[in-house]
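For this one, chain A is given, so just place chain B on it according to the hints.
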Amino acid sequence: MDFDIDAGWRLHPQVVIRPERFGALLYHFGTRRLSFVKTPTLLRVVQALEASHSARTACMTAGVDVEQLPAYAAALAALAGSAMISRKDAA
Amino acid sequence: MTVLPLVDEFALGLDAPICLTWELTYACNLSCIHCLSSSGRRDPRELTTQECKVIIDELERMQVFYVNIGGGEPTVRPDFWELVDYATGHHVGVKFSTNGVKITEDIAERLAASDYVDVQVSLDGATAAVNDAIRGVGSFATAIRAMERLYAAGMKNFKISVVCTRQNIGQLDEFKAIAEHYSAQLRLTRLRPSGRGAATWDQLHPTAAQQRQLYDWLQTHGEQVLTGDSFFHLAAYGSALPGLNLCGAGRVVCLIDPIGDVYACPFAIHDNFLAGNVRGDGGFARVWRESELFAQLRKPQTGGACASCSAYDSCRGGCMAAKFFTGLPLDGPDPECVKGHGVLALSTLDPSAAPKPSLDHTHRTRPVPVTIGHRPERGCDENPLVGLRL
Numbered sequence: 001m002d003f004d005i006d007a008g009w010r011l012h013p014q015v016v017i018r019p020e021r022f023g024a025l026l027y028h029f030g031t032r033r034l035s036f037v038k039t040p041t042l043l044r045v046v047q048a049l050e051a052s053h054s055a056r057t058a059c060m061t062a063g064v065d066v067e068q069l070p071a072y073a074a075a076l077a078a079l080a081g082s083a084m085i086s087r088k089d090a091a
Numbered sequence: 092m093t094v095l096p097l098v099d100e101f102a103l104g105l106d107a108p109i110c111l112t113w114e115l116t117y118a119c120n121l122s123c124i125h126c127l128s129s130s131g132r133r134d135p136r137e138l139t140t141q142e143c144k145v146i147i148d149e150l151e152r153m154q155v156f157y158v159n160i161g162g163g164e165p166t167v168r169p170d171f172w173e174l175v176d177y178a179t180g181h182h183v184g185v186k187f188s189t190n191g192v193k194i195t196e197d198i199a200e201r202l203a204a205s206d207y208v209d210v211q212v213s214l215d216g217a218t219a220a221v222n223d224a225i226r227g228v229g230s231f232a233t234a235i236r237a238m239e240r241l242y243a244a245g246m247k248n249f250k251i252s253v254v255c256t257r258q259n260i261g262q263l264d265e266f267k268a269i270a271e272h273y274s275a276q277l278r279l280t281r282l283r284p285s286g287r288g289a290a291t292w293d294q295l296h297p298t299a300a301q302q303r304q305l306y307d308w309l310q311t312h313g314e315q316v317l318t319g320d321s322f323f324h325l326a327a328y329g330s331a332l333p334g335l336n337l338c339g340a341g342r343v344v345c346l347i348d349p350i351g352d353v354y355a356c357p358f359a360i361h362d363n364f365l366a367g368n369v370r371g372d373g374g375f376a377r378v379w380r381e382s383e384l385f386a387q388l389r390k391p392q393t394g395g396a397c398a399s400c401s402a403y404d405s406c407r408g409g410c411m412a413a414k415f416f417t418g419l420p421l422d423g424p425d426p427e428c429v430k431g432h433g434v435l436a437l438s439t440l441d442p443s444a445a446p447k448p449s450l451d452h453t454h455r456t457r458p459v460p461v462t463i464g465h466r467p468e469r470g471c472d473e474n475p476l477v478g479l480r481l
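Heads up: the protein sequence lines correspond to chains A and B, in order.
Everything in the first sequence is counted per the numbering used here, starting at 1 for the first residue and increasing by one.
Everything in the second sequence is counted per the numbering used here, starting at 92 for the first residue and increasing by one.
If you are wondering where the hints come from, they were derived from the structure by calculation, not from laboratory data.
Note that CB positions come from ideal geometry on N, CA and C, so glycine has one too.
Be careful, since some hints might not be right.
Restraint-style ranges between C-beta atoms, simulated for each label pair [as the list claims (entries may be wrong)]:
id: 1; chain 1: A; residue 1: SER82; chain 2: B; residue 2: GLN294; range: 53 to 59 Å
id: 2; chain 1: A; residue 1: GLU67; chain 2: B; residue 2: GLU142; range: 51 to 57 Å
id: 3; chain 1: B; residue 1: ARG152; chain 2: A; residue 2: HIS53; range: 30 to 36 Å
id: 4; chain 1: A; residue 1: SER86; chain 2: B; residue 2: THR218; range: 40 to 46 Å
One chain only, chain A, in its complex shape (with noise of 0.2 Å):
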């Protein structure tokens, strides 16, 4: 799936977190599913959407290697791919 990495991202409103020392668990209340994040990294980039104009930026902020960015953006597209988040310019 392709995945705009240089486009705005937020948490969907119906999605909660509940960090874990492995990173989260996000449970959408509107698809009843339940996603995993698998390391404390990707956890702060997905806090870090919301406050962040790209996802890029917000895997700096989260600190995040430039060689790592592929990755990252591979589990975030997997994360919008079950609605967990959504672009900030979608309607």
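Below, chain B without anything else, positioned relative to chain A:
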């Protein structure tokens, strides 16, 4: 920091369950012959409305995302809808199981309007003949009526929950068609020898050939069908089924029963799997975090007799409750082990030695004899004991 695969993280337990099963009452209008909780009669010690709300407050603090409410038939509790509203108002989602008896048109509309409540209608046969033989006469019609009402109210994606048995494995496609007809989602779960199921498991559990048929069917349709992760023992056939493929008992799930007892899983209502009671000091959170039983379950498991089997990494020895209630050791094979080790182990057991469920709330179908002094004999008295002097 060591990064473990998620399944290993879960096996070691979380600070709070991801979800849990909460059986609100042992009362039920039905007497299904495989009932995992031997339900029928209400227990006088059942939690009060206020006690239930205190638990919901705790679950909210622990960020338990949702509860699977069952019973008994939970909707027969007079405060059922009040508790559902209280839970969803406190960010605890609700999925409840019902035989459909209380799903009126008004209730269906109300359910359709809520994002935070999901419904599972139990159906154990795609035809009345197969269903009613297990769940009782008229239960198929009741379930279908509930589904009609949910569909008419616009409730999308409610669940139709099927316990897979020898009698209904041949109806998987028909179940799927029923689900599609009502815009519902099919959920298949495994029959356990728990509750009244202990006495009927031999006649009801799928044959080895049917297990293979189920596995193949799930490989084809698994993405659209929910299984509550209950068939992970079938992963030993080769590839894992969708889901965690992990026994979550006491690690990521548990059961709160109607009287507040906390068990490792809904299929393990027995003193051996009792972790504590929510009425104790520290409530549910303390039971979850400090019970010795749960600490034990969260230790790395050895695999015992199964450790040398090539499939152990896939099936992890199968279901604890299935082993326990058939009398098999917990560190040995599952009774339905797809390699046949369970059948072999069962053949060496004395069937009468299997543990009995600790609780039984089954309806008393025959009148219970009560002696209240001496009653005069009457001419119309049909008691066969009439005239006998004991």
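Going down the list of hints, with the structure as the test:
Between SER82 of chain A and GLN294 of chain B the beta carbons are some 41 Å apart, a value that contradicts the proposed interval 53 to 59 Å. Taking the beta carbon of each, GLU67 of chain A and GLU142 of chain B are about 54 Å apart, inside 51 to 57 Å as hinted. Separated by about 34 Å at the C-beta atoms, ARG152 of chain B and HIS53 of chain A satisfy the suggested range of 30 to 36 Å. A C-beta distance of roughly 43 Å is found between SER86 of chain A and THR218 of chain B, which places it inside the suggested range of 40 to 46 Å.
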